[in-house]
Amino acid sequence: MDKDIKEAVSPQGQDTAKVKSPDAPKTTKVRFRRKRMSKGERIADIVIFILLAIGAVIMVFPLIYMVATSFMTKNQILSGHLSIMPDPILIGKYSEVLGKGQFISGIINTLKVEVPLLLIGGFTSSLAAFAFAKMNFRGKNALFLALLATIMIPFAVTMIPQYVLFTKLHWTNSLAPLIIPGCFGNVSMIFFLRQNLFGIPGDLMDAAKLDGCSYFGCYWKIFLPLMKGAFGTQLMLWFMGIWNDYLAPTIFLRDEKLWTLQVVIRSFNSYYAIQSDYALIMAASVIAMLPTLILFFTFQRVIVESVAISGIK
Amino acid sequence: MGDNKTADKKNDKSKNPKRRTSGRSFMAIREERWAWLFIAAPFIGFMLFMAYPIVFSVIASCSKWTGINSLWDNMCGLENYIAIFTDEKFWKSMGTTVIYMIGIPIGMILGLFIAMGMNRKIPGVRLLTTMYYVPVVSSLVAVSILWAWVFNYDYGLFNSIIKALTGMHGPNWLGDEVMIKVAMIIFMTWKGLGTSIILYLAGLQNIPRDYYEAAELDGASAWDRFKHITFPLVSPVSFYILVTSLIGGFQVFVEVQVMTTNGGINYSAATIVYYLYDKAFSNGQLGYGCGIAVILAIIIFVITAFNFMFQNRWVKTMD
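Taken in sequence, the protein lines are chains A and B. Just so you know, the numbering used here puts 164 at position 164 of the first sequence, and the rest follows in order with no gaps. Just so you know, the numbering used here puts 200 at position 200 of the second sequence, and the rest follows in order with no gaps.
Treat the hints with care, as some may be off.
[Unchecked claim] From chain A, some residues computed to sit far from chain B (all C-beta separations above 10 angstroms):
#1 I91
#2 E96
#3 G212
#4 G232
#5 I281
[Stated by the list, open to error] Here are the computed lysine to any residue pairs in the SDA-like style, where the Cα-Cα straight-line distance is at most 20 angstroms:
#6 K74(A) - F158(B)
#7 K140(A) - K227(B)
#8 K168(A) - Y153(B)
#9 K191(B) - K168(A)
#10 K227(B) - T66(B)
#11 K121(B) - F216(A)
#12 K228(A) - F216(A)
#13 K74(A) - Y153(B)
#14 K140(A) - A40(B)
Calculated from the structure, these hints are not laboratory results. Quick caveat, the model's predicted, so the values are computed rather than measured. All C-beta atoms, glycine included, are put in the ideal place defined by N, C-alpha and C.
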């Protein structure tokens, strides 16, 4: 879980707002106009573009091959000849995958983890971020640093005691081990929402308090709506992290009926590879990848921006 | 940026430290109680699922505990650690984990050069960035399955290409102790390249163009400009990528678990986390597994400490 989330997680603060600000494109335009390109430079640009395009095609090629394989017949796959175009195009593997009870239950189980985790964990994280950014209390910085330090601790270090704890609590015959720990909040989310809240003036809170607004009211009515952009991005990245998580579900879920989608496609891989049914394996993997890819293509600008900011900080 | 505010507040407090407890207004106390309530959930979570497991791991690592027998009755001092350090499999998986890290500098160099190309703001380059980034957001399990298929000995993509080009049969990627490491490095570099590109691109965009214009006026060659401007000024990004990749590199597990059976031929693909998983959950040696977890935690801690100690010394910033 850690690795995916860490990769996916990212800040979304006032810096993003700066990038989005209306005068940003203007300045670049001016700069472009000022700099006149020499002929040599233009040729260099073309060569570089072609090289970059070749590299990009190499990068997505395995994924294209994956989709292509999912439409191929067994004969074509096992012919050993290099072929990319499925001939004939077989879509039956997709309906076969979607007809498998285990695959459907994998999707349902994943969603059963996602929904409560994002709702409750999103609430506790944003509330804590609000307290850290907008309220005064003793030990604020020390407590925040203590929380932040936990980002560095890999899941592998704590998984054995967690496994034993969850077994003792009889949680391992439910999805609880995947849901409950996250409901207490997500440290990366707290960090990035806190950054975002620093960009919102605190005067709003003082004014609201004069009007008799409670602290929770300030969070719920004023700051939560104001940080909804950053909040949405963080929730989306967390959704992707949970969707792609594999290590925690393999350890905590002993019962096949509880398996999440990633565990299911992994078991498909070991089971159907023996039968050389690669088209089915690829079709299952393609479906498992679709939700995160659709999210990525829809919101790529925010995702890429937020990843970029994490490096500059 | 936002930290200025907190700093200001701190100063306010330190101006009159004596009044800190006695003079605190009713309002301030009320605010503090609410704030503590608001951060209670993450703190309880931190205690239950982080602090407690870590302490527990340290204690359990000194016991021949299997989860079924008693933890306290089987305390064995440092025996687990001695067993780990004399276990050939531990050193083998540690060695493999480090060998996989060959991919880190390869990915960084490729990432920097691709980002430099993209930073020329050629029209249409944005779409290419997306293509480089797709592997990063793809499910690790799904792409591990895919790459196991790409490296398939008889029908895989790589060997089909090799056969089409040379007429000879390609190597047995996943069935050979050396080739499996090459295969894993190729796969991991592919998966992580997009992140390096995005981070480097952001770093490059932060370098003022004037620097290059001034250098050009002074007659500096392209290589000089790279060596004296680009490379030093993206060093914070390089350092960040290096440290996060090292930490990530010590946690490689899914790739091995999905692409091999039992860690590959002669355990040749197993990593340290795979070894930990194997001992704890396949063999049921939980105390022993906790020992490996403690060693892993120490390694990560050393890398993090190293990060804080040397960042300022090695990394050059704009000022």
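Going down the list of hints, with the structure as the test:
The claim that I91(A) is not at the interface with chain B holds, since no C-beta of that chain comes within 10 angstroms of its own (minimum 19 angstroms). Interface exclusion of E96(A) from chain B stands, the closest Cβ pair being 17 angstroms apart, more than 10 angstroms. Interface exclusion of G212(A) from chain B stands, the closest Cβ pair being 13 angstroms apart, more than 10 angstroms. No beta-carbon of chain B comes within 10 angstroms of the beta-carbon of G232(A); the shortest separation is about 17 angstroms.
I281(A), annotated as away from the interface, has a beta carbon of chain B within 10 angstroms; the closest lies near 6 angstroms. As the CA atoms of K74(A) and F158(B) are separated by approximately 18 angstroms, the hinted pair is consistent with the 20 angstroms bound. Distance restraint check for K140(A) and K227(B): the Cα-Cα separation of roughly 43 angstroms exceeds the 20 angstroms cut-off, and the hinted pair is therefore not satisfied. Between K168(A) and Y153(B), the direct Cα distance comes to roughly 44 angstroms. Violation of the 20 angstroms bound is thereby established for this hinted pair.
Only pairs whose Cα atoms come within 20 angstroms are accepted, and K191(B) paired with K168(A) is rejected, the gap being roughly 37 angstroms. The hinted pair formed by K227(B) and T66(B) fails the criterion: a straight-line CA distance of about 56 angstroms is larger than 20 angstroms. Of the supplied pair hints, the one linking K121(B) and F216(A) is violated, its CA atoms being roughly 46 angstroms apart against a limit of 20 angstroms. Of the pairs offered as hints, the one joining K228(A) and F216(A) holds, with about 16 angstroms between alpha carbons and a cut-off of 20 angstroms not exceeded.
Restraint check: the Cα-Cα separation between K74(A) and Y153(B) comes to about 16 angstroms, which is no more than 20 angstroms; the hinted pair holds. A hinted pair counts as satisfied when its Cα atoms are at most 20 angstroms apart, and K140(A) with A40(B) qualifies at roughly 12 angstroms.
Hint violations for this structure: numbers 5, 7, 8, 9, 10 and 11, all remaining hints satisfied.
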